[in-house]
Amino acid sequence: MSELLTLFDKLWTAHEIARRDDGDALLWVDRHYVHEGSFHAFSRLKERSVSVVEPCLTFGVADHYVPTRGPRHTIANPEIARMVRQVEENTAEHHIQLFGLDDPRQGIVHVVGPEQGLTLPGLLIVCGDSHTSTHGALGAYAFGIGASEVAHVLMTQTIWQKKPKRMRVTVDGKVAPVITAKDIVLAIIAHIGADGATGCAIEFAGSAIRDLSMDGRLTLCNMSIEAGARCGMVAPDETTFSYLRGRPYAPRGADFERAVEAWSKLSTDPDATFDLETILDGAHIAPTVTWGTSPEDALPINAHVPDPAREPDEDRARYLRGALEYMGIAPGQKLTDVEIDRVFIGSCTNSRIEDLRAAAAVLAGRTSKVPGLVSAGSSPIKRQAEQEGLDRIFRDAGLEWGESGCSMCVGINGDLVASGERCASTTNRNFRGRQGPGARTHLMSPAMVAAAAVTGRLADVRPLMAGRKV
Amino acid sequence: MENFTHLIAKACPIDVANLNTDQILPARYLKWPRSAGIGKVLFQDLRFDSEGREQPDFPLNRPAWRDAKIVVGGRNFGCGSSREAAVYALYDYGIRCVIAPSYGDIFSGNAIQNGLLTAIVSEEDAEALTAALEAVPDQPVTVDLEQQTVLCGNKIYPFTIDPVRRMRLLNGWDDIALTQSYRDQIAAFKSADRTRRPWATPSIPVT
Chain Z
179 MSELLTLFDK
189 LWTAHEIARR
199 DDGDALLWVD
209 RHYVHEGSFH
219 AFSRLKERSV
229 SVVEPCLTFG
239 VADHYVPTRG
249 PRHTIANPEI
259 ARMVRQVEEN
269 TAEHHIQLFG
279 LDDPRQGIVH
289 VVGPEQGLTL
299 PGLLIVCGDS
309 HTSTHGALGA
319 YAFGIGASEV
329 AHVLMTQTIW
339 QKKPKRMRVT
349 VDGKVAPVIT
359 AKDIVLAIIA
369 HIGADGATGC
379 AIEFAGSAIR
389 DLSMDGRLTL
399 CNMSIEAGAR
409 CGMVAPDETT
419 FSYLRGRPYA
429 PRGADFERAV
439 EAWSKLSTDP
449 DATFDLETIL
459 DGAHIAPTVT
469 WGTSPEDALP
479 INAHVPDPAR
489 EPDEDRARYL
499 RGALEYMGIA
509 PGQKLTDVEI
519 DRVFIGSCTN
529 SRIEDLRAAA
539 AVLAGRTSKV
549 PGLVSAGSSP
559 IKRQAEQEGL
569 DRIFRDAGLE
579 WGESGCSMCV
589 GINGDLVASG
599 ERCASTTNRN
609 FRGRQGPGAR
619 THLMSPAMVA
629 AAAVTGRLAD
639 VRPLMAGRKV
Chain F
14 MENFTHLIAK
24 ACPIDVANLN
34 TDQILPARYL
44 KWPRSAGIGK
54 VLFQDLRFDS
64 EGREQPDFPL
74 NRPAWRDAKI
84 VVGGRNFGCG
94 SSREAAVYAL
104 YDYGIRCVIA
114 PSYGDIFSGN
124 AIQNGLLTAI
134 VSEEDAEALT
144 AALEAVPDQP
154 VTVDLEQQTV
164 LCGNKIYPFT
174 IDPVRRMRLL
184 NGWDDIALTQ
194 SYRDQIAAFK
204 SADRTRRPWA
214 TPSIPVT
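Chains as they are written, first to last, in the numbering used here: chain Z, 179 to 648; chain F, 14 to 220.
Among the hints, erroneous ones may be present.
Per label pair, the in silico range of CB-to-CB distance [stated by the list, open to error]:
1) F:GLN160 - Z:ASP453: 28 to 36 Å
2) Z:ARG423 - F:GLN160: 57 to 65 Å
3) Z:PRO233 - F:SER204: 33 to 41 Å
4) F:THR220 - Z:GLY248: 41 to 49 Å
5) F:PRO153 - Z:ASP449: 50 to 58 Å
6) F:GLU15 - Z:GLY598: 37 to 45 Å
7) Z:ALA270 - F:PHE61: 49 to 57 Å
8) Z:GLY598 - F:PRO153: 35 to 43 Å
Bear in mind the hints are in silico, worked out from the structure with no lab data behind them.
Since we're looking at a predicted model, the values are computed, not measured.
For each residue, glycine too, the CB sits at the ideal point set by N, CA and C.
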């Protein structure tokens with residue numbers, strides 16, 4: 179009998195070119211995505227006077243620094259303009275396909291890859307961005323790398339890796355209506371901690387995961403890194419295959435059917451073992467929000483924030499005091515009493531069409547009590563949302579309808595949350611200053627952000643959805 | 014890349030868990046080329062207030078630790094964004110070694126690429142080291158990568174590091190030169206893989 183393998187084992191083996199005695203393996207890279215931030219790596223190529231070895235497997239996007247408001251081609255800040263120009267120049271010089279500002283397919287790298295059918299099951303995908311874990315939603319082995327590794331991949335199309343531990347996170351049962359992948363992943367991170375999966379490749383499994391659409395799975399895998407994981411993945415199935423059929427860069431016709439045959443084998447063998455296992459009950463997951471400055475600081479919306487005075491561990495109490503002080507929240511405060519100043523719907527975590535529909539379902543016929551920005555994950559998603567009339571719902575509610583890009587998730591294009599302001603956000607990191615120096619971020623699903631917009635505070639979306647179609 | 018064998022220097026404790034790369038180097042500095050002096054803005058929003066005034070309580074601003082070359086951190090040091098510039102900021106400030114119970118995976122990988130040692134100690138030893146440094150802030154600390162030890166006062170703290178990374182740091186090895194020696198194996202893999210996984214090559218979109 180042959181060895182029982184996990185999905186991750188199968189992906190690893192398929193890419194192994196060589197293994198050294200010390201255990202490190204040289205792996206083949208199927209797709210390499212680059213963006214404005216990859217300029218350090220292109221500089222190294224220049225220093226060595228070498229070219230990109232596999233330009234046809236390398237794809238560029240302009241996303242981190244692109245404007246979401248106003249005319250896209252006149253970027254007032256010269257430093258930001260230079261960042262966008264650099265990725266155009268670097269990709270042109272090395273004959274790399276760029277989804278740039280002028281391209282109707284432009285969007286956030288982790289939205290564009292799957293949307294264009296570049297991301298496929300069974301591929302090894304890297305990008306100089308930690309949220310590359312997103313692409314694991316299609317059954318790919320995808321992980322973020324640093325600039326030195328980006329340079330290495332550009333020069334060799336390979337990467338050295340130590341094999342991660344295998345971890346399975348199972349979410350059984352069925353989640354309640356309105357509960358989304360974002361609630362599931364925040365509940366997972368709260369459960370295992372921001373370093374609960376350090377050094378691990380996570381496979382998400384169980385009926386609640388299987389039930390997720392592809393957009394939901396992308397949200398889930400996107401935030402694997404927030405639990406410290408190297409990568410996260412969901413075994414490909416009919417949901418994956420029907421999502422991919424007809425995508426521009428995916429195989430076509432008989433080639434597609436042959437690919438599906440190969441991809442169908444990409445699952446964990448029954449009885450294969452993992453190094454770590456965690457099981458959650460989907461039925462117990464409530465709408466979840468973060469209150470602190472780490473994604474692990476997540477609680478059900480009907481909870482109270484922790485009280486450091488009741489925390490026996492001194493280090494933990496010190497952390498709680500610091501986080502609450504930064505966030506401007508009183509110890510033990512009820513989450514639904516926390517008033518917000520602004521909302522943001524977007525980012526590689528939650529900017530796909532289903533995310534926009536979910537937020538619009540709450541906002542339809544209602545007004546936002548606070549200002550906010552909605553930024554679709556890609557230009558095609560923006561056009562689709564407009565065809566569906568979602569932009570009207572957001573605008574009528576008083577929110578801005580912007581172009582696609584990383585925008586207010588990281589704020590480097592100029593879309594910032596002001597110091598001291600509190601933002602209900604569909605993004606992935608509530609770190610201190612992430613959305614701007616002094617900004618306070620609460621992470622939650624698009625529907626929950628819409629609920630916060632309508633009520634002006636952190637709010638349970640469930641009563642707001644009574645009598646509405648989920 | 015400069016190699017690392019041992020180091021005798023002051024060590025600054027920054028006793029914070031999950032100290033992410035957004036704190037080490039705020040995103041607004043990611044536009045800077047390294048030559049712009051990225052070490053100046055290390056921990057910018059922790060070291061300085063919004064008016065640019067020094068925060069006297071931040072450990073690296075305390076007189077004894079200004080010229081530290083070692084940082085003793087909390088668990089999950091360097092989690093979050095993959096920005097390698099966070100490592101450049103530490104290195105260009107003068108930091109050559111971080112000692113912590115655990116690290117963000119991407120951060121520790123980036124560190125090794127740039128000659129920054131990320132030594133792993135137990136939670137207890139990290140706390141003991143922090144306490145010892147708080148008690149005698151300006152004492153020199155010795156980090157020995159050959160022996161995998163940290164000497165502080167008269168106490169020795171063992172640390173761990175992946176053996177491959179240890180060898181690379183000791184020798185200052187560069188990945189790219191090593192990979193070039195596998196050129197034939199890479200070519201053989203590529204050619205066999207085209208047959209094995211024809212679907213892995215991107216299709217040309219129909220316009």
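Now the hints, each set against the structure:
1. F:GLN160 - Z:ASP453: 28 to 36 Å: holds (29 Å)
2. Z:ARG423 - F:GLN160: 57 to 65 Å: Holds, since Z:ARG423 and F:GLN160 (Cβ atoms, about 58 Å apart) stay within the stated range.
3. Z:PRO233 - F:SER204: 33 to 41 Å: violated (18 Å)
4. F:THR220 - Z:GLY248: 41 to 49 Å: Distance hint for F:THR220, Z:GLY248 is violated at roughly 30 Å.
5. F:PRO153 - Z:ASP449: 50 to 58 Å: Holds, at about 55 Å.
6. F:GLU15 - Z:GLY598: 37 to 45 Å: holds (42 Å)
7. Z:ALA270 - F:PHE61: 49 to 57 Å: violated (39 Å)
8. Z:GLY598 - F:PRO153: 35 to 43 Å: With a Cβ separation near 41 Å, Z:GLY598 and F:PRO153 satisfy 35 to 43 Å, so the hint holds.
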